[in-house]
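Protein sequences appear in the order of chains A and B. Position one of the first sequence corresponds to residue 1 (my numbering), numbered consecutively onward. Position one of the second sequence corresponds to residue 1 (my numbering), numbered consecutively onward.
Accuracy of the hints is not assured; some may be wrong.
The calculated lysine to aspartate or glutamate pairs, modelled on DMTMM-like cross-linking and capped at a C-alpha distance of 25 Å, are [what the hints assert, rightly or not]:
#1 B:K2 / A:D107
#2 B:K2 / A:E128
#3 A:K2 / B:D78
#4 A:K2 / B:E87
#5 A:K2 / B:E5
#6 B:K2 / B:E84
#7 B:K2 / B:D105
#8 B:K2 / A:D122
#9 B:K2 / A:D78
#10 A:K2 / B:D107
#11 A:K2 / A:E128
#12 A:K2 / B:D122
#13 B:K2 / A:E5
Think of the hints as simulated: they come from the structure by calculation, not from any bench.
Protein chains: 2
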Amino acid sequence: MKMAEGVEWALHSCLNMTWLQPGRAVSAARLAAFYGLPTAYLNKQLQALVRAGILRSVSGPRGGFRLARAPEEITLLDVVTAIEGAEEAFRCAQILRQGPGGRADVDYRQACLISQAMRRADLAWRRELAGQTLAQLREAVGDRYPDTPRNTRERLVAPPS
Amino acid sequence: MKMAEGVEWALHSCLNMTWLQPGRAVSAARLAAFYGLPTAYLNKQLQALVRAGILRSVSGPRGGFRLARAPEEITLLDVVTAIEGAEEAFRCAQILRQGPGGRADVDYRQACLISQAMRRADLAWRRELAGQTLAQLREAVGDRYPDTPRNTRERLVAPPS
DNA sequence: GAACGTCTACTCGGATAACTCATGTCCGAGTGATTTTGG
DNA sequence: CCAAAATCACTCGGACATGAGTTATCCGAGTAGACGTTC
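Required output: the full structure, derived from the provided sequences and hints.
This is the structure we're talking about:
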């Protein structure tokens, strides 16, 4: 049960975009150069964020990606779900149906107590992620690392070399 | 981020074993026949549970697997960890180290606020799973489905054929 | 000088390989019960 | 009849194929800006 590596990239990239002036787009190439990531593959992850409605893409010169809505309205769960998919980690295969007394007309994803327990854990995980917004993260980072916002903005607008 | 299918098998198998008289061993073949699972592969999962100290294996005729300790002392987290491994789903690759101002002497798994948030969610998930023991599950199932304990015991001891 | 048409360069977007890890299977080592044989 | 030893069948245990999903890459479609040309 390992999470895709693209989740980390997506989270950091989205957080970095919160420091840009609204409406300003950043190309996938610059976002990738920020952490030395493979450009094409990061682009793929950003496309997933576009499909999820978190980012908005702009074609042509001066184009790129920008946040589709305010950082206050984007939770960590939104980003994780966009990359990993909405289905929960534990998928009940309803093996009780094959056991003694198993019935075909029963939904064991609801009836099975093991399935219920696993879903409770999954909900706790989701609740924790849904309670954190990009805006809260941006503020926390700004407090602890005051130089980060400016450095990030400069490097995203005009990368070195 | 999908969980291994063996987790479901392991959970149900361990729960079924709680209804056997203590010290009684069940072969992997009978546990597999219970839900129509592939015997060899279930055996592989049970071996992982043995390595984790949850089960104890007995060789030879009348051998098999049995719980290594009381159901009150086995949590769902124990079983899940035994199959999936102890490392958390989100593994911080410390990409901040490659960014501007990144330092090699900083552990970004601790310093990165994104990493912290993901770890909080992971801990919430683990806490939920650690709060459920096999004994609690066994009691809940016995209350809701009174026939299950007897049916399970009979079928594990003498499967139809 | 201004407006229009063309052209270019830059961007995303999806289709296409390579590789890792989970899935699935097999046969050998070990062991305890059973049977057989001798006293 | 009893005991001891050899046999045997059953079990786990790890080593070996297979397949799906993630990782990684590439090139084409589309677009906005820039340039040159013309009125």
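- [ ] Find the hints from earlier in the document that the structure breaks and name them by number, from lowest to highest.
- [x] 7
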